[in-house]
Amino acid sequence: MSIARATAVSLMMTAAVGCASLSGSREGKSTVGPVASQTPSPQNLISFVNSNAARVEAVEATDLALEVKAGSQGGGLSGTLYCEKPKNFRLRAKAVGKPVADFGSNSNEFWYWVSQDNPPYLYHCNYNDLARGDVNLPFPFQPDWVLECLGMASLNAPADNFRVERKGDKFELSEKATSSTGKPVTKVTVFRAGTTYGSEPQIKEHRLLDDRGQVVAIAEVMSVKRDTGVGATVPSHVVLKWPQQKLEMELKLNGMRVYPTTAITQRNPDIFRRESLRDLPSYDLARRSLDGQPSGMQRTGAFAP
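Counting from 0, one number per residue, gives the positions in the sequence shown under numbering that gives the first Met the number 0.
Hints are not guaranteed to be accurate.
[Claimed, not checked] Straight-line Cα separation of at most 30 angstroms, DSSO-like style, residue types lysine-lysine; simulated pairs:
id, residue 1, residue 2
1, Lys-240, Lys-169
2, Lys-182, Lys-169
3, Lys-203, Lys-169
4, Lys-203, Lys-182
5, Lys-166, Lys-245
6, Lys-68, Lys-203
7, Lys-84, Lys-203
8, Lys-93, Lys-240
9, Lys-245, Lys-93
10, Lys-68, Lys-93
11, Lys-93, Lys-166
12, Lys-68, Lys-251
13, Lys-169, Lys-245
14, Lys-182, Lys-245
15, Lys-203, Lys-175
16, Lys-97, Lys-68
17, Lys-245, Lys-175
18, Lys-182, Lys-93
19, Lys-245, Lys-203
20, Lys-203, Lys-240
21, Lys-68, Lys-240
22, Lys-84, Lys-251
23, Lys-68, Lys-245
24, Lys-251, Lys-166
25, Lys-97, Lys-240
26, Lys-182, Lys-240
[Said to hold, decoys possible] Label-pair ranges, simulated between beta-carbon atoms:
id, residue 1, residue 2, range
27, Ser-275, Gly-167, 44 to 54 angstroms
28, Ser-275, Ser-50, 27 to 37 angstroms
29, Pro-98, Asp-159, 44 to 54 angstroms
30, Asp-269, Asp-209, 31 to 41 angstroms
31, Ser-106, Pro-259, 14 to 24 angstroms
32, Ala-156, Arg-287, 30 to 40 angstroms
Think of the hints as simulated: they come from the structure by calculation, not from any bench. Note that beta-carbon positions come from the ideal geometry of N, C-alpha and C, so glycine has one too.
Could you build the full structure based on these sequences and the hints that come with them?
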């Protein structure tokens, strides 16, 4: 796999689905609880996640650093990121100062453009079409999981879907869930027991498993920032891995601002709209055709549906 393709696939896995609630503010402390003889209940850990996520509504990053690895190959990008709950997202990436990718999402659809794709169409898909399960995508697609990894999504499934296991000095919260394409998955959130300080994360890792128990993706939280302004602890350094694709992406989020309101849309309502790229030829992944042409056309290029 070329590094150009790896970069595009990795970004799509992340960017087409949600946003990162991050900031660079003053530090404090956060705790799930001390190491104890009894394992906490699922509700204790769910409340910890939800209380933190409820404090963040929108985030922007003006200095995003991405390092992508595909096997032994690797490459870096810079970029900007804007997002708001629940699905508003925009990521623009550059290499050596030139635009190379644009990814976005709103409540209705997601889209992506990669300069080195052949042809370099603006690919898009409606979420209702995606939910039917017959849209062939070049990457695993699980929006809620990515949001959880980056500290913004709440856990709202029925209590019976969750269970907790203690493994050494860590607690693993497992959730039986359904993917956006209708397939059963398991999401695992790994908490460090006891009190954490400074940049040490309380939530250390997230894992996404398929219906056979095989690992689809892993998110390792390397460090966090503690924002006393909004009262949230948010990731500042995350490594995302997709073992089956042999892909890895490291995100270092600098120049971040976090908001308790939809400040980004209020300031720039067009940023989460695909129409801002109207000059590019658009391809509908569900219809498998260019917009304005009969459906079912054969698509060519690096990411065949």
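Structure-based check of all given hints:
no.: 1; hint: Lys-240 - Lys-169; in the structure: holds (21 angstroms)
no.: 2; hint: Lys-182 - Lys-169; in the structure: holds (28 angstroms)
no.: 3; hint: Lys-203 - Lys-169; in the structure: holds (9 angstroms)
no.: 4; hint: Lys-203 - Lys-182; in the structure: holds (26 angstroms)
no.: 5; hint: Lys-166 - Lys-245; in the structure: holds (27 angstroms)
no.: 6; hint: Lys-68 - Lys-203; in the structure: holds (21 angstroms)
no.: 7; hint: Lys-84 - Lys-203; in the structure: holds (23 angstroms)
no.: 8; hint: Lys-93 - Lys-240; in the structure: holds (22 angstroms)
no.: 9; hint: Lys-245 - Lys-93; in the structure: holds (23 angstroms)
no.: 10; hint: Lys-68 - Lys-93; in the structure: holds (17 angstroms)
no.: 11; hint: Lys-93 - Lys-166; in the structure: violated (41 angstroms)
no.: 12; hint: Lys-68 - Lys-251; in the structure: holds (15 angstroms)
no.: 13; hint: Lys-169 - Lys-245; in the structure: holds (27 angstroms)
no.: 14; hint: Lys-182 - Lys-245; in the structure: holds (22 angstroms)
no.: 15; hint: Lys-203 - Lys-175; in the structure: holds (20 angstroms)
no.: 16; hint: Lys-97 - Lys-68; in the structure: holds (20 angstroms)
no.: 17; hint: Lys-245 - Lys-175; in the structure: holds (25 angstroms)
no.: 18; hint: Lys-182 - Lys-93; in the structure: violated (34 angstroms)
no.: 19; hint: Lys-245 - Lys-203; in the structure: holds (21 angstroms)
no.: 20; hint: Lys-203 - Lys-240; in the structure: holds (14 angstroms)
no.: 21; hint: Lys-68 - Lys-240; in the structure: holds (9 angstroms)
no.: 22; hint: Lys-84 - Lys-251; in the structure: holds (21 angstroms)
no.: 23; hint: Lys-68 - Lys-245; in the structure: holds (8 angstroms)
no.: 24; hint: Lys-251 - Lys-166; in the structure: holds (29 angstroms)
no.: 25; hint: Lys-97 - Lys-240; in the structure: holds (26 angstroms)
no.: 26; hint: Lys-182 - Lys-240; in the structure: holds (20 angstroms)
no.: 27; hint: Ser-275 - Gly-167: 44 to 54 angstroms; in the structure: holds (49 angstroms)
no.: 28; hint: Ser-275 - Ser-50: 27 to 37 angstroms; in the structure: holds (35 angstroms)
no.: 29; hint: Pro-98 - Asp-159: 44 to 54 angstroms; in the structure: holds (47 angstroms)
no.: 30; hint: Asp-269 - Asp-209: 31 to 41 angstroms; in the structure: holds (37 angstroms)
no.: 31; hint: Ser-106 - Pro-259: 14 to 24 angstroms; in the structure: holds (20 angstroms)
no.: 32; hint: Ala-156 - Arg-287: 30 to 40 angstroms; in the structure: holds (33 angstroms)
Going down the numbered hints, you'll see the structure goes against 11, 18, while the others check out.
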